[in-house]
Amino acid sequence: MAKKTGKTLVKMRQQMRAAKLARHKRELVEAGVDLSMPKPSAEARREKEEELKRLYLELFKEKKNRQKA
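Mapping to full-length UniProt numbering: the sequence shown position 9 is 9, numbers consecutive.
None of these hints come from the bench; they were simulated from the model. Glycine residues also receive a C-beta, built at the ideal position from the N, C-alpha and C atoms. Check each hint, because a few of them may be wrong.
Said to hold, decoys possible - Restraint ranges, calculated between C-beta atoms of paired labels, are given here:
hint, residue 1, residue 2, range
1, L35, K63, 37 to 45 Å
2, L21, K48, 25 to 33 Å
3, P40, E62, 23 to 31 Å
4, K7, L28, 25 to 33 Å
5, S41, K20, 40 to 48 Å
6, E30, K61, 49 to 57 Å
7, K63, S41, 30 to 38 Å
8, R26, E62, 28 to 36 Å
All chains should be built: construct the whole structure from the sequences, respecting the hints.
Okay, structure coming up:
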């Protein structure tokens, strides 16, 4: 049987998924689980930014090399 893909059904699935997630979050909070994410330190943020810059540069260098070849 084919899966229904109408706009209404897609929205309904999204709402059901969101409701299920909200229910699980509520249950975890009631059980005393802390769901908040700790804020990363300034040093950790700087390291992550540097890592991303290196990765972007690496990707762009590869693209340029492919285009030249």
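Status of the hints after comparison with the structure:
no. : hint                     : verdict
1   : L35 with K63: 37 to 45 Å : holds, 39 Å
2   : L21 with K48: 25 to 33 Å : holds, 27 Å
3   : P40 with E62: 23 to 31 Å : holds, 29 Å
4   : K7 with L28: 25 to 33 Å  : holds, 32 Å
5   : S41 with K20: 40 to 48 Å : violated, 34 Å
6   : E30 with K61: 49 to 57 Å : holds, 51 Å
7   : K63 with S41: 30 to 38 Å : holds, 33 Å
8   : R26 with E62: 28 to 36 Å : violated, 46 Å
Hint violations for this structure: numbers 5 and 8, all remaining hints satisfied.
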